[in-house]
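Student: The listed protein sequences derive, respectively, from chains A and B. Numbering (our numbering) for the first sequence: -14 to 639. Numbering (our numbering) for the second sequence: -14 to 639.
Any given hint might turn out to be false.
Which copy is meant is left open, because identical chains are indistinguishable; a pair holds if it fits in one copy or across any two.
What the hints assert, rightly or not - The list that follows gives simulated cross-link-like pairs (lysine-lysine, BS3-like), each with its CA atoms no further than 30 Å apart:
#, residue 1, residue 2
1, LYS207, LYS371
2, LYS449, LYS147
3, LYS134, LYS504
4, LYS315, LYS207
5, LYS437, LYS474
6, LYS500, LYS134
7, LYS207, LYS88
8, LYS399, LYS254
9, LYS148, LYS104
10, LYS500, LYS136
11, LYS134, LYS148
12, LYS541, LYS136
13, LYS541, LYS437
14, LYS375, LYS473
15, LYS473, LYS254
16, LYS106, LYS437
17, LYS134, LYS533
18, LYS104, LYS115
19, LYS136, LYS538
Hints listed in this document are in silico derivations from the structure and should not be mistaken for laboratory results.
There are 2 protein chains.
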Amino acid sequence: MRFKKRGASGKLCLRRTHIPMIRSTSWTSVQFRSTHGTNSGSSSFSIRSHTCGELRSTHVGEVVTLCGWVQYQRHGMFVILRDYSGLTQVLIPEDESRIKLKKTFCELPLESVVKVKGKVKRRPAGQENKEMPTGEIEVCAETAEVLNKSKKLPFEIKDFTKKAESLRMQYRYLDLRSSQMQYNLRLRSQIVMKIREYLTNIHGFVDVETPTLFKRTPGGAKEFLVPSREPGRFYCLPQSPQQFKQLLMVAGIDRYFQVARCYRDEGSKPDRQPEFTQVDIEMSFVNQAGIQALIEGLIQHFWPNELRSISTPFPIMTYEEAMSVFGVDKPDVRFGMQLVNISEVFSSIEVEFLRDIVHRPGGCVQAIRVPGGTRHLKNKDLESLKHLAKIHFNQTVNVVVLKDDGTWRSSIAKLLPDSAKQHLLQLTAAKPGDVLILASGLLQDVRSLLGKLRLQCVQLLEDKGMIVRDPSDFHFLWVVDFPLFLPKKEYPAELESAHHPFTAAHPEDLPLLLKEPHKVRSQHFDLVVNGCEVGGGSIRIHDASVQKFVLEKILKEDSSLLSHLLEALDSGAPPHGGIALGLDRLLSIIVGASSIRDVIAFPKSFRGHDLMSGAPDFISEDELRPYHVCVKWPVQEGKEKQELDLTKNSALDS
Amino acid sequence: MRFKKRGASGKLCLRRTHIPMIRSTSWTSVQFRSTHGTNSGSSSFSIRSHTCGELRSTHVGEVVTLCGWVQYQRHGMFVILRDYSGLTQVLIPEDESRIKLKKTFCELPLESVVKVKGKVKRRPAGQENKEMPTGEIEVCAETAEVLNKSKKLPFEIKDFTKKAESLRMQYRYLDLRSSQMQYNLRLRSQIVMKIREYLTNIHGFVDVETPTLFKRTPGGAKEFLVPSREPGRFYCLPQSPQQFKQLLMVAGIDRYFQVARCYRDEGSKPDRQPEFTQVDIEMSFVNQAGIQALIEGLIQHFWPNELRSISTPFPIMTYEEAMSVFGVDKPDVRFGMQLVNISEVFSSIEVEFLRDIVHRPGGCVQAIRVPGGTRHLKNKDLESLKHLAKIHFNQTVNVVVLKDDGTWRSSIAKLLPDSAKQHLLQLTAAKPGDVLILASGLLQDVRSLLGKLRLQCVQLLEDKGMIVRDPSDFHFLWVVDFPLFLPKKEYPAELESAHHPFTAAHPEDLPLLLKEPHKVRSQHFDLVVNGCEVGGGSIRIHDASVQKFVLEKILKEDSSLLSHLLEALDSGAPPHGGIALGLDRLLSIIVGASSIRDVIAFPKSFRGHDLMSGAPDFISEDELRPYHVCVKWPVQEGKEKQELDLTKNSALDS
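Bound-form chain A, shown alone (with noise of 0.2 Å):
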């Protein structure tokens, strides 16, 4: 058996040729390989034969070469080898000419790298491992190499070992090595691959790649900028090609996709990214029940097979619907608890706080029922759920616990006379057992809170063990007709885009937009799955003269900027419309991941940071200097290091 530890770059048998004086059409290059090359598979061009997960019982007999990691050692006996696909047991000879060798092997630090060569044997009756694909069989080794020895590392790599996140993250090259990490990011592969398929071999596609540095979008606040070495001219990282897409249908290209890489500035958001990835995807002569059906083909057609089946087509829910039934536009539709208008109740009884709420323009009195809830729901629980109407919403709620025996414990049991009681029991079909959470104000806020209190309840009870929501269970759905403006929050006299100013209106709400375009629904729709968000779509604006309305009539914004668009809108510019499929988002959903970051390679931390590499890192002024911007430092970090910059600036500058 020969052991060598290897040098840096190992011994290569290069191809050899030869090169004679004339004109290349009449060469011939003499080759040798060293590699086992098989033409396709999984270890095709390389110095292993298999891969470490693929061995089986009728390989038995077979000489093979294997590499990997040292996953651990047994008995002194036998070394078990990972790589990506599994494990192999590889094991050592009693050999007594070999004992040093061996000991040397069997001792090496666990993850360094071996090349093992050896005959695949049939493991002895009785100790085969039914719970290992490769557990009829192990190597016996023939000759071995060590290839990398591995230093002591901050953590083992196994699945259940519980790391902090920040840990996975600095480390991240280990974290990957994972079985959960390569399952994420392997699926992750063959998903966009089948996304591909379906969209270029199928529906014919056009996968185009569009400029990642381009101009500052009107009112674009959340867009990373990039100097230019022009003074004062910056690109920006879009937050999507929402233009370029369009602009591509204006210029015939049909049927656009890409999986397309958008940065979005958000400060510290949880579970995003400042880069993210979208399945982009755009079609002229389309409406929206043809991108839906599109879009329900795609997901069709990557559906993993070991997850339970979805059909299509997917139910459809206006905004208007998601909004009163689930307070929410994004509705998890996996349980019920939905809200109920009890308006009715109060509109003349003594609780005078709720009749006038009741009067008011706008106002009404909501519930949700928890089923059961009073077995769960602590007083802790119900105090949690009135804590947080109050701080994020600042809101009061009344909380009805109704007891086994009918009664009720509830702060307005006693201003309710029993009419009122029965009616309000009526309405929720609440049941002794149930809690019932009252909100009452202004239309859009109760449905906000309740919605909110509803997803609230249903974790609390989820905590506590109950399985309310199947989390095999993938209910997907669509939810359209979105109002296409929004009064802006600070200026509520005014609109903003509800989605993107580019979206069209709804045909039968055309006639409004001239005067009263805050009741105009829009032509967007969202992808909705298990209460997240996962994409959205729209039909855009073809027509020029509409598009310049929409711009500087009702949004006030700056047209000029967009003046190629436009442009190009009045230049034959098919009817089109298209969608964006949030890539990690999907995927986390479909894994089951609890952060988008578990189903991205090197993500960020929620500050924005690469905790691996340290980036973002300071730069120095020389290096700054082609780009003619200085840093600003901020007054409260130091005044004295803000005066030596700008001391610096002026010698620079003069």
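Given the structure of chain A, go ahead and fit chain B onto it with the hints provided.
Tutor: Using the frame of chain A, we list chain B on its own:
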């Protein structure tokens, strides 16, 4: 017949659905789709039934719906509709009652977008157009609709229209309608798809997306910067995913690829783009031969059928051979005119300045022979070659014109004895009618100069109509055994990486690494086709101590900037290597484009501008504030502006 101008969004038939107030599992959705919706093909989910290029005589009798652009009108009877797939002739029926509608339709501005429904009819005998794939049929319009009227455009959408490139770029959405650009972008999409299929489906590669907001690499002077919201900290846009691909190998991904967006800030270099795309590949447990065989298979796999086929394996040439024979490391081997060393002719003769050169260390005299050059190269041409040598290389070349009668026309003719002349003719195999170009000096200077003049000669010959290089011939070859380090241009006593600091040394040269690093060959290799480098790969250093030695002792870099990579190499890094193919360059060669801009949907101008949108653009101070940067206006742009700027800054800072 119905003609109507459709509004911004057209009339849509939305799918309707019943959303009961119960759990979604029992939902059903009743749908009404207005699309023609076949389940596959290029008109699936569309309001058209067919594209404008697909109707044949087999469709005669079918009622079809076409959508397209008005290409032209003929005889007030025909409208020729175009989409990406081709042209179809639409017949407007002669009908007294429809004269006005017909007039409208036939007077529509070219490039307006229309929808036509009608029956496919065979063209009357004798009126077929054999040059048009749809030339056997026409569509007899029954209804038609103007979807969008076009204004007068800045240029016609005709392939043969020659336009200034700046105009093409400004109206890129019109330029892309040309059949050449449609072909280029669609071929690009298809080739990329085949690359993906080959790598993932046949060879088990994993498509992994790596970040583009990363950390400055040591010496990464060409990296764009992206200010973060943390004062003084910047991301950078990496030139390639080099570090990430190696980290993925350490992570056990085994086989990685990505069609990766890369960034390089090279200012205004011709035919470079600030963002470009590379097919990025990395494998564990592989050697050079394995990577080369993988790529040969890849190119065979995607090679377009319509091009002359290529054969594999590709020839291999060492860097030393390429430099000595072709004077360049990316030789165009489609023609001869190779460099010939003629130093021995001058070592003992009277031409003092040449003899001295030959006897100087590293000095030489070399020649290239232009067969039949006397017929085609005029005095003006030969002067231009001398001029080029003077301007770009500061060297003098001697030209020998061998007249048909065997006499020499050359300034050195009378200095050479006949024996030397004979010797020279023998070494260069020159015959009457040929031209010889002689250069003398240091070996590396002579090679570079003659390598350049060789290409310049062939360009001159081709400009005069000779076909020296067949544009339909594709000569791929590998150039191997590059030097690992090169002297720095500005400080020749110091070394820098010839490619990048992660390249492994040639195993035979490992002993030289300590004492004579400038002599070490690398395991880097280039893929060259027709004189263009289209890919570069290498085996990487996988030993942390070797990597640290190279960074610190040879390159004198601060290795702490790469501490994450060094640590990774110490954590069980497998031997690995990879390659990156320049997709834009490769495609431009395949489609025969003179610039990579012709295979990119929205390229930047050579100054890095997007001529369509006007990026990069000025950004207000307000928008810069969150990033803690300000513009440092150059002094020469006007002292006043700068002062104004500084005043503003002080006001903001205080």
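Student: Give a verdict on every hint.
Tutor: These are the hints, each one checked on the structure:
1. Taking the closest pair of Cα atoms, LYS207 and LYS371 never come within 30 Å of each other, the shortest separation being 34 Å inside a single copy and 56 Å across copies.
2. With identical chains, the CA atoms of LYS449 and LYS147 are at most 30 Å apart within one copy only, with a shortest distance of 22 Å there and 73 Å across copies.
3. Proximity of LYS134 and LYS504 under a CA criterion of 30 Å is satisfied inter-copy only: 29 Å between copies versus 68 Å inside one chain copy.
4. When the C-alpha separation of LYS315 and LYS207 is checked against a cutoff of 30 Å, the pair qualifies only within one copy, where the shortest distance is 23 Å, while the shortest distance between copies is 44 Å.
5. Taking identical chains as interchangeable, the C-alpha atoms of LYS437 and LYS474 lie at most 30 Å apart only when both belong to the same chain, with a minimum of 20 Å there against 64 Å between chains.
6. For the homomeric pair LYS500 and LYS134, the shortest alpha-carbon distance between copies (26 Å) is at most 30 Å, but the shortest distance inside one copy (74 Å) is not.
7. For the identical chains of this complex, LYS207 and LYS88 are neighbours neither inside a copy (59 Å) nor across copies (50 Å), given an alpha-carbon limit of 30 Å.
8. When the C-alpha separation of LYS399 and LYS254 is checked against a cutoff of 30 Å, the pair qualifies neither within a copy, at 44 Å, nor between copies, at 82 Å.
9. With identical chains, the CA atoms of LYS148 and LYS104 are never at most 30 Å apart, being 38 Å at best within one copy and 68 Å at best between copies.
10. Proximity of LYS500 and LYS136 under a CA criterion of 30 Å is satisfied inter-copy only: 28 Å between copies versus 72 Å inside one chain copy.
11. Taking CA atoms no more than 30 Å apart as the test, LYS134 paired with LYS148 passes inside one copy only; the shortest distance there is 24 Å, against 62 Å between copies.
12. Taking CA atoms no more than 30 Å apart as the test, LYS541 paired with LYS136 passes between copies only; the shortest distance there is 25 Å, against 62 Å inside one copy.
13. With identical chains, the CA atoms of LYS541 and LYS437 are never at most 30 Å apart, being 33 Å at best within one copy and 58 Å at best between copies.
14. Taking the closest pair of Cα atoms, LYS375 and LYS473 come within 30 Å of each other only inside a single copy of the chain (24 Å); across copies the shortest separation is 67 Å, beyond that limit.
15. For the identical chains of this complex, LYS473 and LYS254 are intra-copy neighbours only, at 21 Å inside a copy versus 45 Å across copies, given an alpha-carbon limit of 30 Å.
16. For the identical chains of this complex, LYS106 and LYS437 are neighbours neither inside a copy (60 Å) nor across copies (61 Å), given an alpha-carbon limit of 30 Å.
17. For the homomeric pair LYS134 and LYS533, the shortest alpha-carbon distance between copies (16 Å) is at most 30 Å, but the shortest distance inside one copy (65 Å) is not.
18. In this homomeric assembly, LYS104 and LYS115 come within 30 Å of each other (Cα to Cα) only inside a single copy, at 21 Å, whereas the closest approach across copies is 66 Å.
19. Within a single copy, LYS136 and LYS538 get their C-alpha atoms only as close as 66 Å, which misses the 30 Å cut-off; across copies the closest is 23 Å, which meets it.
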